[in-house]
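**Q** Residues per chain are reported as follows:
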Amino acid sequence: MKTALTIVALLISSFTLKAQQMIKDTPYHSQPDLHRFDGVWEYSDNNITFRIILKTEKVLMKSPDVFIDLISGYHTYIKNNQIIQNSVGKEKTIKIGGFENQSKSKNIVSFSFTDMERPISIRGILELLTVNQLKWTVKNREGVRAILPGVKQGDRNIYVPNNIILTKVK
Amino acid sequence: MINCTVDTISNNLCAQVNTLASNKNFKSLMTILQQNTGQNYEIGYTYDVNADGTVNVNHFQGSNNSSSVDINIPIPVDGFTHSHYSGDFPTFSGADIQQIYQIMQAGKMKNPNTLTLFEGSSDFTTWEPIINNKVTNTNCNN
Chain A
106 MKTALTIVAL LISSFTLKAQ QMIKDTPYHS QPDLHRFDGV WEYSDNNITF RIILKTEKVL
166 MKSPDVFIDL ISGYHTYIKN NQIIQNSVGK EKTIKIGGFE NQSKSKNIVS FSFTDMERPI
226 SIRGILELLT VNQLKWTVKN REGVRAILPG VKQGDRNIYV PNNIILTKVK
Chain F
10 MINCTVDTIS NNLCAQVNTL ASNKNFKSLM TILQQNTGQN YEIGYTYDVN ADGTVNVNHF
70 QGSNNSSSVD INIPIPVDGF THSHYSGDFP TFSGADIQQI YQIMQAGKMK NPNTLTLFEG
130 SSDFTTWEPI INNKVTNTNC NN
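From first to last, the protein sequence lines are chains A and F.
All residue numbers for the first sequence refer to our numbering, where the first residue is 106 and numbers rise by one.
All residue numbers for the second sequence refer to our numbering, where the first residue is 10 and numbers rise by one.
No lab work stands behind these hints: they were computed from the structure.
Be aware that a few hints might be false.
As the list claims (entries may be wrong) - Among chain A residues calculated to face chain F with C-beta under 8 Å, some are: (1) P169; (2) V243; (3) E247.
Unchecked claim - The calculated lysine-lysine pairs, modelled on BS3-like cross-linking and capped at a C-alpha distance of 25 Å, are: (4) A/K209 x A/K244; (5) A/K200 x A/K240; (6) F/K117 x A/K257; (7) A/K275 x A/K197; (8) A/K257 x A/K184; (9) A/K257 x F/K36.
Just so it is clear, the structure is predicted and the values come from calculations on it, not from any experiment.
A virtual CB, placed ideally from N, CA and C, is assigned to each residue, including glycine.
Build out the structure end to end from the sequences listed, making use of the hints.
**A** Here it is, written out as structure tokens:
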């Protein structure tokens with residue numbers, strides 16, 4: 106029994122070491138400038154509050170394996186004191202945020218956004234205007250759309266505020 | 010003329026593209042497409058190449074300030090093409106590729122083995138994908 110336990114312990118130890126070695130060998134594409142987007146950003150007027158929470162995280166991409174920094178997060182949309190959309194504490198609605206074209210600018214990030222009132226994600230763009238101001242834009246994805254007989258077209262409406270300037274609140 | 014040296018798939022693709030590239034009617038179509046890249050709207054065409062070399066074309070234009078164009082495909086076509094909105098990446102978008110699948114599923118592709126699909130962008134890059142496994146593509150959402 107003692108021998109069997111020893112073998113199991115050795116096997117677990119071996120797998121753990123191997124996993125640690127694989128992680129150590131995996132390249133890491135760090136993007137420190139993305140951290141400037143991290144934080145809680147908010148737009149507010151008499152009727153609307155729109156808040157996003159952003160965080161840069163180290164994510165493992167597969168084939169080939171590489172760690173990369175990407176922005177993800179959540180949003181809350183309140184209109185006339187009613188919560189219209191809120192993903193905080195649920196599934197992330199801002200995903201795979203990375204520089205749009207970092208050779209041109211490290212102030213513009215594009216990401217995939219889940220507008221919770223439509224089934225298919227849309228494209229979002231964040232533009233850092235100052236250290237405390239962020240422009241939020243969302244739009245339908247680029248591309249040709251075939252109008253086919255009997256095929257229902259997807260919803261193209263956008264149900265969250267658009268083209269707004271958010272201020273960093275935290 | 011495109012130089013083809015790689016394999017059967019590439020040679021077949023190049024033969025298709027070269028047939029179109031030497032068709033003056035199709036070349037005119039591509040010239041119009043290139044001239045319309047970088048606008049604040051997109052244009053698209055569906056086309057059929059007839060046995061006598063003439064090309065039947067249907068023209069579509071997207072809305073201003075929209076990086077998308079709707080193309081109506083009521084009957085099967087040989088191929089389709091579109092320009093890209095000003096500033097967009099000079100490659101097919103995910104939505105463009107998804108349309109290949111949807112058109113095939115709807116039975117509106119005359120021949121998946123000879124489908125041509127071009128995209129024109131402001132840097133004059135033109136791309137043409139090929140379906141090398143129709144079965145996989147047809148079942149790709151299973």
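**Q** Are the hints correct? Go through all of them and say.
**A** Here is what the structure says about each hint:
1. P169: A/P169 check fails; min Cβ-Cβ to chain F is 20 Å, beyond 8 Å.
2. V243: At about 13 Å, which exceeds the 8 Å cut-off, the nearest Cβ of chain F leaves the hint on A/V243 violated.
3. E247: 4 Å, holds
4. A/K209 x A/K244: Judged against 25 Å, a Cα distance of about 21 Å means the pair holds.
5. A/K200 x A/K240: 17 Å, holds
6. F/K117 x A/K257: Measuring from Cα to Cα gives roughly 15 Å; hence the hint holds.
7. A/K275 x A/K197: It holds: about 19 Å lies between the C-alpha atoms, which stays within 25 Å.
8. A/K257 x A/K184: Cα-Cα ~30 Å, so violated.
9. A/K257 x F/K36: 34 Å, violated
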